[in-house]
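One-letter residues, chain by chain:
Number of protein chains: 2
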Amino acid sequence: MANNTITAPKGFLAAGLHCGVKKSGKSDLALLACPAGAKAAAVFTTNKVVSAAVQVCKKHVKSASISAVVVNSGNANTCTGKRGLANAVKMCAETAKRIEIDPHNVLIASTGIIGEQLPIKKITSGILKAAAKLSASSKAGLDFAKAIMTTDTRPKQAVRRLEISGAKVTIAGAVKGAGMIAPNMATTLCFITTDVAITKPLLAKALKSAIGNSLNRLTVDGHQSTNDTAIILASGLAGNAERIGIVSQCPRYKRFANALAEVCDDLARQMALDAEGATRMFKVVVKGAATKADAAKACRAIADYPLVKCAVNGGDPNWGRIICAVGSAGVKLNPNKLACKLGPITVFKNGTPRKFDKKKASKVVSQTEHTITVDLGVGMASDFCYGCDLSKGYITINADYHT
Amino acid sequence: MANNTITAPKGFLAAGLHCGVKKSGKSDLALLACPAGAKAAAVFTTNKVVSAAVQVCKKHVKSASISAVVVNSGNANTCTGKRGLANAVKMCAETAKRIEIDPHNVLIASTGIIGEQLPIKKITSGILKAAAKLSASSKAGLDFAKAIMTTDTRPKQAVRRLEISGAKVTIAGAVKGAGMIAPNMATTLCFITTDVAITKPLLAKALKSAIGNSLNRLTVDGHQSTNDTAIILASGLAGNAERIGIVSQCPRYKRFANALAEVCDDLARQMALDAEGATRMFKVVVKGAATKADAAKACRAIADYPLVKCAVNGGDPNWGRIICAVGSAGVKLNPNKLACKLGPITVFKNGTPRKFDKKKASKVVSQTEHTITVDLGVGMASDFCYGCDLSKGYITINADYHT
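Chain order of the listed sequences is A and B.
Going letter by letter, the first sequence gives residues 1 to 403 in the numbering used here.
Going letter by letter, the second sequence gives residues 1 to 403 in the numbering used here.
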């Protein structure tokens, strides 16, 4: 069977195991290595309070070559002061020591509870074990994807294969959800590997664009986490002409960028469907807006509105809640031209309700994925985002079990 | 027993009954009358999509004298186009006819499902019956408070009595919750009666200030409804010197304004505790902010964050979620001076977690009301707001039952 994990591209090894951060006994330490060294790019949360891991990673990603990524789950290492920062530095140093590289060539990410110090001895022991287990097998890739999970119910991975200049290129990604997710520059933890040969600036450009149209369009509960990080490593071992796309107009670059965008879109949809308590997802399209920013704001207001999310959970075509969210979003609109569609069904047009088959509409809303379309009736701009329903499962996960 | 309903101030009659809008058979039509005529002031939703009732009420409230307020629950008369507007006008005309006044002297409010036309015949029949039932009894006041309810589990009323220049003045209010609530200019439907003699501009000033520090500080699910209306009627029959406070610095005006603020604060707390599915409420205080606007923004980000609301529901002192919300609120803050308290317990200070008794903190969070305090560490400005927990009950109300 084909390897569809992050070890699929040439040059990558991975490992994942339980080192003792999570009381549940589930995997909580993940290691990714590229012994030959990779070009790297990353995007980070714009939350003003950031994890020690993010602070360290932002520095290290500037290195010309990255050889490893170390990730722990179960503890965010955020709001942990100087001791937390020292622990993040130590995680990189320990990883560097085991793989015999410089600590600046190690990237790092953490996810989990905020405000508690890392059990650093457990983690350094874990790094030692993980380094010894590093493998290019698909099992190792899956272990990595499992070890980055928190409240996710399943690992989320995606892969795309394409040819560039006759060389076979692979792009693979693993992502973790599932709460504290909202669009802005980066979302949650996302690790992408590829064997394409590409310049560092173009790799960064392709990542930013792909995340911007995928993970950044997803909102689960309206707030960006303190730890959001998306990292891409390119080993350059695919054998394509060393520098695809010196310029971004190059068709070879575009093919790579499109494939990367597909990987990220795939991951974003998997995240929406595995969001905390989610039973279904939806896409919001807002058109007829005065500006792109207005369209984005309206999309987000709809997708984040608890009453809309509950209606989707109940398969209820209660479109009035959608219009209420749009009206209070602070965007320009014409109440007399306002329109709304649930899937293909027009329920509201020119500010007047349309008669529609409620059973049919309920079926649309009850699908695994449907599209809500709103026309603001004032301009030509549009935008979209992804959301998911709000269920009792979300409350169970976030209220019933204590930290 | 003292009358503590909106018929307590001199000069007011009320009625409430079931006219057939709600399938449940619960009361859905409320009428308030002031035969001698009252000075009136109101604040309305700033949602860009507004009910036909709001459109009509905004015009009528400019009248020098108001003699009646008609309210229906179970149908918002919003997104209903020209027919909806004609129905709102008809509701006022029908009320005016029954009380023998001019339609412009009638105020109107609606609440309920958005996007469906009013069953206007049922409502006009209801108005006829309600007009015949008008009474100054406390039962009639309670009937009114019940008839404005939607998903509220109990009527919410408040009363304050004070002396102004030797005259006994009464202020009474009734409010309905319980979803689609967020602070901005006005919140939900709120009706206040008083017998004070006061000028129209000062009445408006006192209402705006009282609502601004009470109902406008409450957020249940982050979006302002399309129908929010707060109305105050002053009959002037208390017998105080006809014009208390020609100027707002007048101490008699201040005493009235403070008592009105108390009524509104009382109603806001009742609303928080009777919000959809709510089991407890909390107050958020943000201080050390660069500006008042930043403080308000941070308050709202915390109170609206589903993860914070779930933590409160679970009695979980998971303060990291509070800091995450603040960090992503887009306000100026100093991560190294950031601090957080749950009730009296400091859990985070100078960007570093404090050791604290988790059982004690859990007890604080499990109270009917507790205060979350955050210091942004950059300035002197502060603000506050009220929020409530997010429970499975909210999902039951908003997802399990179809519209």
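Careful, some of the hints might be misleading.
Identical chains blur together in the list; that is why a pair holds if it fits in one copy or across any two.
Think about it this way: if two alpha-carbon atoms lie no more than 20 Å apart in a straight line, the pair counts; the simulated PhoX-like pairs of lysine-lysine are [stated by the list, open to error]:
#, residue 1, residue 2
1, K59, K10
2, K254, K297
3, K58, K129
4, K62, K332
5, K349, K82
6, K48, K287
To be clear, the hints were calculated from the coordinates, so they are not data collected in a lab.
Results for each hint:
Taking the shortest alpha-carbon separations for K59 and K10, neither the intra-copy value of 26 Å nor the inter-copy value of 71 Å comes in at or below 20 Å. When the C-alpha separation of K254 and K297 is checked against a cutoff of 20 Å, the pair qualifies neither within a copy, at 29 Å, nor between copies, at 41 Å. Neither within a single protomer nor between protomers do K58 and K129 lie at most 20 Å apart by alpha-carbon distance, with minima of 26 Å and 71 Å respectively. For the homomeric pair K62 and K332, neither the shortest alpha-carbon distance inside one copy (41 Å) nor that between copies (27 Å) is at most 20 Å.
In this homomeric assembly, K349 and K82 come within 20 Å of each other (Cα to Cα) only across copies, at 13 Å, whereas the closest approach inside a single copy is 57 Å. For the homomeric pair K48 and K287, the shortest alpha-carbon distance between copies (17 Å) is at most 20 Å, but the shortest distance inside one copy (31 Å) is not.
Checked against the numbered hints given earlier, this structure breaks hints 1, 2, 3 and 4; the rest are met.
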